[in-house]
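Line by line, the protein sequences give chains A and B.
The letter at position 232 of the first sequence is residue 232 when you use the working numbering, and the numbering goes up by one with no holes.
The letter at position 60 of the second sequence is residue 60 when you use the working numbering, and the numbering goes up by one with no holes.
Bear in mind the hints are in silico, worked out from the structure with no lab data behind them.
Each hint should be verified, as a subset may be incorrect.
[Stated by the list, open to error] A partial selection of chain A residues facing chain B, derived with a Cβ cut-off under 10 Å:
| # | residue |
| --- | --- |
| 1 | G26 |
| 2 | S185 |
| 3 | L187 |
| 4 | P196 |
| 5 | Q197 |
| 6 | I207 |
| 7 | D211 |
| 8 | I212 |
[What the hints assert, rightly or not] Over the 12 Å line for every Cβ pair with chain B, so calculated as not near, a few chain A residues:
| # | residue |
| --- | --- |
| 9 | R9 |
| 10 | K10 |
| 11 | T17 |
| 12 | T30 |
| 13 | S58 |
| 14 | L92 |
| 15 | V117 |
| 16 | K162 |
| 17 | S172 |
| 18 | R173 |
| 19 | V189 |
| 20 | L195 |
| 21 | N233 |
Heads up, the beta-carbon is just placed ideally off N, CA and C, and yes, glycines get one too.
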Amino acid sequence: MPVRQIDDRKLWQRYDTATRLRLWGGWIGTTLVVFVCWQVISGATRWEFVADAPQQLSQFIGRMFPPRWGYLNELWLPLWDTLNIATLGTLLGLGIAFPLSFLAAQNTTPHPLVRYVALLIIVVSRSVNSLIWALLLVAIIGPGVLAGIFAIGLRSIGFMGKLFYESIEETSREPVEAITATGASPLQVLSYSILPQVLPSFAGVSIFRWDINIREATVVGLVGAGGIGLNLNASVNALQWSQVGMIFIVIFVVVLFSEWVSARVRQAII
Amino acid sequence: MLRLQHVSKRYPTGNQALKEINLTVPEGQVVALIGPSGAGKSTLIRCVNRLVEPSEGQIWLRDTEITRLSTRGLRHIRRRIGMIFQEYALVERLSVMENVLSGRLGYVNFWQSWLRRYPQADVDNAFQLLERVGLLDFVDQRADALSGGQRQRVGIARALLQDPDLLLVDEPTASLDPKTSRQIMRLITELAQERGLAVVINIHDVPLAQMYAQRIVGLRAGSVVYDGPPEGLTTAQLTTIYGEEDWDRNRQADPADEDAVLAMVAQDAGQPRPAL
Ligand SMILES: Nc1ncnc2c1ncn2[C@@H]1O[C@H](COP(=O)(O)OP(=O)(O)O)[C@@H](O)[C@H]1O
Chain A
1 MPVRQIDDRK LWQRYDTATR LRLWGGWIGT TLVVFVCWQV ISGATRWEFV
51 ADAPQQLSQF IGRMFPPRWG YLNELWLPLW DTLNIATLGT LLGLGIAFPL
101 SFLAAQNTTP HPLVRYVALL IIVVSRSVNS LIWALLLVAI IGPGVLAGIF
151 AIGLRSIGFM GKLFYESIEE TSREPVEAIT ATGASPLQVL SYSILPQVLP
201 SFAGVSIFRW DINIREATVV GLVGAGGIGL NLNASVNALQ WSQVGMIFIV
251 IFVVVLFSEW VSARVRQAII
Chain B
1 MLRLQHVSKR YPTGNQALKE INLTVPEGQV VALIGPSGAG KSTLIRCVNR
51 LVEPSEGQIW LRDTEITRLS TRGLRHIRRR IGMIFQEYAL VERLSVMENV
101 LSGRLGYVNF WQSWLRRYPQ ADVDNAFQLL ERVGLLDFVD QRADALSGGQ
151 RQRVGIARAL LQDPDLLLVD EPTASLDPKT SRQIMRLITE LAQERGLAVV
201 INIHDVPLAQ MYAQRIVGLR AGSVVYDGPP EGLTTAQLTT IYGEEDWDRN
251 RQADPADEDA VLAMVAQDAG QPRPAL
């Protein structure tokens, strides 16, 4: 009890003695763990390499500059591929995540068993990185843009599905009750009481994911799944650092652009 | 019209919300259900359209036994039962018109409702009702742009567009100020009278119930403890329903309020109204 009686006065403290001791113990324990970890990490580090790092970095950047501006002409097509991978991948993810989220949300699922399957799909999709999806898909359907689209799409299902079903679960119950009471069918109840409530957040999440996917689409090429990543991989392998520099600049501009678009669209929705 | 026989409800949590309720509401009667919170008022009216499944007993609307209906039959009978809610229960992001038209969802198919292609007759009726509740200028506004009283009017129009035989009304005034509360109660009872509807209103405001209902049913801990005319509600009766309290003192503590009520009653003379 945080309240103690001394004579006829009541003292109040946030924590009682046992809790205070536990808190102190926690702090000391954490400090010890951090210290031990530091020891292990520094033991495994070649400090000469670390000391050398700034020099390496400046050399690295030096080799990239000046970028090969002429290389830009060869980048338009991969860039277009990258945008397509991101956009079509997002649409693919959206198309699957949308119905999936209604199956996964507690208040709209037709059956608890269906719900667990839907949640499983979402978790699997989320736990595998786009790059790994791309690796798998390149092995299955061969290298190219299609593998990239599927990789991005599969990864997006989990992300969007999770955020979608959470917002479905947060909808208020009263309109659902009211629409049900009119004698509406289950599908009408969904479309009149749940959908209007979640539409803005669905749109926001989709745009946000598209923005992320633009960035992810630039790397899936590293494993052969199309887009500008292919050129990056080739240039690094060929030690063409000035081309690498050019690619980085292009990616940077594209990412800025997608950030701008998604910010604009989200503003318009809300 | 509406008949409840031995209706009981026990929630899965073990709460016995209703015990052996027997109640018959004839055509055109306005019944006020009063009682302390937790007495089972909202459970009772939700059992009627089976938003809450009663555990035992039968409920009849005319000669249909609601408690025996399949899903499809239940949807059909729900069209005959309009419902009005405490928090209005509008779909905030839809327009006033869409909200009112949603009262017809039981009559149109999915694509008609999805594309908002309601039969012209429904739209005509919706306009008429919106005019009746004084919201004709708000047809295209989004529901979340309206005040509480206006939202409740939309809720009323939605319920009536169903063309119901019975109105279930759940605490229609609990979120409204005293003046708007009276206007809303008046609107509901007038519209019900015009159309000859039976009405069951949950309400915890006893004077308001006495003013607008023809019959009072007092509920306590899931059982009916009073069933009679508004005038018959004595101090002793209130004590049975709500428990010990100095009722007369409470009543007198609000003279200004009572005056206001009388003034408003006088204001629209010409409307038949049960005596206070
Ligand atoms: N969904 C529910 N699950 C479990 N118990 C409930 C539920 N709804 C209401 N109850 C219980 O049933 C009793 C009656 O509640 P309610 O019908 O809401 O009363 P009132 O409308 O008169 O305030 C209360 O004891 C309440 O706790």
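Outcome of the hint check:
Because the beta carbon of A:G26 sits about 37 Å from the nearest beta carbon in chain B, more than 10 Å, this interface hint is broken. A hinted interface residue such as A:S185 counts as satisfied when its beta carbon comes closer than 10 Å to some beta carbon of chain B; here the least separation is about 7 Å, so the hint holds. For the restraint placing A:L187 at the interface with chain B, the shortest Cβ-Cβ distance is roughly 5 Å, inside the 10 Å limit, so the hint holds. A distance limit of 10 Å between C-beta atoms decides the matter here; for A:P196 the minimum to chain B is near 4 Å, and the interface restraint holds.
The criterion of a C-beta within 10 Å of any C-beta in chain B is met by A:Q197, whose closest approach is roughly 7 Å, and the hint holds. For A:I207, the suggested interface contact is broken, since its CB lies about 18 Å from the closest CB of chain B, more than 10 Å. Nearest Cβ of chain B to the Cβ of A:D211: about 24 Å, over the 10 Å cut. The hint is violated. The beta carbon of A:I212 is not positioned within 10 Å of any beta carbon in chain B (closest approach about 27 Å), and the interface hint is therefore violated.
The beta carbon of A:R9 is kept farther than 12 Å from every beta carbon of chain B, the shortest such distance being approximately 37 Å. Look at A:K10: its CB is around 33 Å from the nearest CB on chain B, clear of 12 Å, so calling it non-interface holds up. At roughly 38 Å from the closest C-beta of chain B, the C-beta of A:T17 stays outside 12 Å, upholding its exclusion from the interface. Taking the minimum C-beta to C-beta distance to chain B, about 41 Å, the non-interface status of A:T30 holds against the 12 Å cut.
No beta-carbon of chain B is positioned within 12 Å of the beta-carbon of A:S58; the least distance is around 55 Å. At the 12 Å boundary, the C-beta of A:L92 stays outside the reach of chain B, the nearest C-beta of that chain being 24 Å off. Under the 12 Å C-beta cut-off, the non-interface status given to A:V117 relative to chain B holds; the minimum distance is some 24 Å. Distance check for A:K162 against chain B: the nearest CB is about 23 Å away, which clears 12 Å, and the non-interface claim stands.
Against the 12 Å criterion, A:S172 falls within the reach of chain B, whose nearest CB is about 8 Å from its own CB. Some Cβ of chain B comes within 12 Å of the Cβ of A:R173; the nearest lies about 9 Å off, and the non-interface call is violated. Interface exclusion of A:V189 from chain B breaks down, the closest Cβ pair being 8 Å apart, not more than 12 Å. Residue placement check: A:L195 does not keep its beta carbon more than 12 Å from all beta carbons of chain B (closest about 9 Å).
Every CB of chain B is more than 12 Å from the CB of A:N233 (nearest about 47 Å), matching its label as outside the interface.
Hint check: violations occur at hints 1, 6, 7, 8, 17, 18, 19 and 20; the rest are consistent with the structure.
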